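Participant: Sequence:
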Amino acid sequence: MKRRQWMLAATPPGWLVLSLGPMALARAGGVFSVRVWPAQDYTRLTIESDQAVLAQHFLTTGPDRLVVDLQQQELAPALKELVGKIQPSDPYIAGVRIGQYQPTVVRLVVDLKQPVKPQQFTLAPVAAYRHRLVLDLYPVQEVDPLMAFLADKARAEEEARRSVQDALGEFIGQLERPGLPAGGAAPAPPLASAPGSGPGPVTAEAARPGQTPAPPAATPPGPGARARLDRLIIVALDPGHGGEDPGAIGPTGLKEKDVVLSIALMLRERINAKPGMRAMLTRDEDFFVPLTERVRKARRVQADLFISIHADAFMNPEARGASVFALSERGATSTAARWLANKENAADVVGGVNVAARDQHVLSALLDMSTTAQIKDSLKVGHEVLGLIGRLGKLHKNEVEQAGFAVLKAPDIPSILVETAFISNPEEERKLRSDAYQRKLADALFTGIERYFAKNPPLARQRTV
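Using the UniProt record's numbering, the letters of the sequence shown correspond one by one to residues 1 to 465.
Hints are computed from structural coordinates only; laboratory data are not their basis. In this text, all values refer to a predicted model and were calculated from it rather than measured experimentally. It is possible that part of the hints are untrue.
In silico EDC-like pairs for lysine to aspartate or glutamate, Cα to Cα no more than 20 angstroms straight-line [to be verified]: (1) Lys-117 <-> Asp-144; (2) Lys-380 <-> Asp-412; (3) Lys-85 <-> Asp-111; (4) Lys-153 <-> Glu-285; (5) Lys-117 <-> Glu-142; (6) Lys-431 <-> Asp-443; (7) Lys-117 <-> Glu-158; (8) Lys-255 <-> Asp-286; (9) Lys-380 <-> Glu-450; (10) Lys-376 <-> Glu-399; (11) Lys-80 <-> Asp-111; (12) Lys-274 <-> Glu-158; (13) Lys-440 <-> Glu-427; (14) Lys-431 <-> Asp-258; (15) Lys-376 <-> Glu-427; (16) Lys-274 <-> Asp-111; (17) Lys-113 <-> Glu-142; (18) Lys-80 <-> Asp-69; (19) Lys-380 <-> Asp-443; (20) Lys-153 <-> Asp-284; (21) Lys-431 <-> Glu-318.
Kindly generate the complete structure, drawing on both the sequences and the hints.
Facilitator: Below you can see the structure in the form of structure tokens.
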């Protein structure tokens with residue numbers, strides 16, 4: 001097959017060609033970086049250049065392909081690298097072919113695994129980035145956070161069922177092995193309590209013949225506790241940043257987006273292991289999620305709590321210590337809180353949001369005034385978490401601070417933002433790099449969540465999960 005043919009110089013009969021948007025007018029400029037961010041939500045393809053890139057694209061069917069023409073471009077080495085950056089696990093891209101279609105036009109042919117809805121937009125220089133051309137490949141059928149949550153829940157339950165079956169099979173197999181008594185291995189003798197180790201295990205007095213042992217006394221509910229409800233508690237975990245947005249970067253290059261994702265995954269493991277509680281992550285991979293989408297995901301699964309996890313930087317590298325934030329209706333409680341809120345709220349600019357495609361319903365919900373009850377409950381869980389994180393080291397502030405964080409504006413979900421440490425501080429960056437310290441942070445967050453719900457059981461609601 002000739003090179004011009006596989007580059008789709010002409011549209012073969014029977015192919016459907018869809019024009020999906022106007023050209024992004026720009027000037028000629030050399031491409032020096034290409035990046036691919038695959039995820040179940042969508043796959044992002046970013047082309048970065050010294051100057052804005054003129055581009056247009058169209059779809060073909062039979063087979064499904066996305067064709068992108070980069071105008072006023074020569075086949076730069078960075079563009080050639082795109083071919084090797086496609087991962088086999090990418091849900092949407094099977095492969096990429098690239099070539100000099102015309103003297104000043106470079107053509108990308110993206111072979112698709114399934115039909116997609118592309119969104120193309122450009123981003124002006126910001127932070128460390130130059131001009132960016134962005135192609136977001138969304139599935140034709142949008143990923144529903146609730147359906148994804150239910151699928152994950154069902155998958156975990158099936159794995160647990162199989163684990164129990166495997167354990168039972170192993171136990172039966174041991175009983176049937178020759179040389180073992182019918183009852184299996186003899187039980188190990190009980191361990192004696194070490195002196196000074198606290199009270200030993202409580203044992204029930206042996207029942208006399210014909211007498212039924214008395215049931216243990218019920219533990220009275222704590223003061224102020226509401227009626228407990230036997231229903232699933234859902235905790236939305238929000239690892240900040242991701243994909244194009246690295247978040248803060250430490251002195252030796254540790255990225256905030258990687259640290260907070262690792263902590264969130266550890267915390268999810270703890271939450272999912274507790275009966276009656278389940279975690280949902282706004283992202284479980286390295287991709288960018290707009291602030292409004294993070295809130296929408298939490299509301300879609302009817303989360304009972306929202307925790308956004310961060311590890312930020314400050315202008316002064318000596319800044320250190322963990323902080324916990326809740327939303328404020330009356331402005332920030334400190335200059336630092338206001339600065340941090342403004343910085344976090346600008347994440348969409350760095351991460352890259354297609355403003356034209358924003359859901360106006362989501363925007364209007366985000367702008368709704370959060371209720372006083374939401375903020376009150378947010379402060380309650382914030383105090384629980386702050387006290388436990390404070391046991392791991394210095395706190396930046398001894399009180400839960402408040403500011404206008406966009407990601408905390410779900411009007412019906414108690415929400416906090418946890419700054420686990422200042423990654424800009426060399427000593428704290430070193431701790432954040434440690435799996436053991438990340439585990440301690442996850443454990444502290446989990447215990448804080450447990451204590452909050454023990455004192456404040458969620459009220460009844462009609463839940464679809």
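Participant: Next, verify each hint and record whether it holds.
Facilitator: Hints and how they fare:
no., hint, verdict
1, Lys-117 <-> Asp-144, "15 angstroms, holds"
2, Lys-380 <-> Asp-412, "15 angstroms, holds"
3, Lys-85 <-> Asp-111, "14 angstroms, holds"
4, Lys-153 <-> Glu-285, "18 angstroms, holds"
5, Lys-117 <-> Glu-142, "9 angstroms, holds"
6, Lys-431 <-> Asp-443, "15 angstroms, holds"
7, Lys-117 <-> Glu-158, "33 angstroms, violated"
8, Lys-255 <-> Asp-286, "11 angstroms, holds"
9, Lys-380 <-> Glu-450, "12 angstroms, holds"
10, Lys-376 <-> Glu-399, "14 angstroms, holds"
11, Lys-80 <-> Asp-111, "16 angstroms, holds"
12, Lys-274 <-> Glu-158, "16 angstroms, holds"
13, Lys-440 <-> Glu-427, "16 angstroms, holds"
14, Lys-431 <-> Asp-258, "14 angstroms, holds"
15, Lys-376 <-> Glu-427, "34 angstroms, violated"
16, Lys-274 <-> Asp-111, "43 angstroms, violated"
17, Lys-113 <-> Glu-142, "16 angstroms, holds"
18, Lys-80 <-> Asp-69, "14 angstroms, holds"
19, Lys-380 <-> Asp-443, "18 angstroms, holds"
20, Lys-153 <-> Asp-284, "15 angstroms, holds"
21, Lys-431 <-> Glu-318, "15 angstroms, holds"
In this structure, the earlier hints numbered 7, 15, 16 are contradicted, and the remaining ones agree with it.
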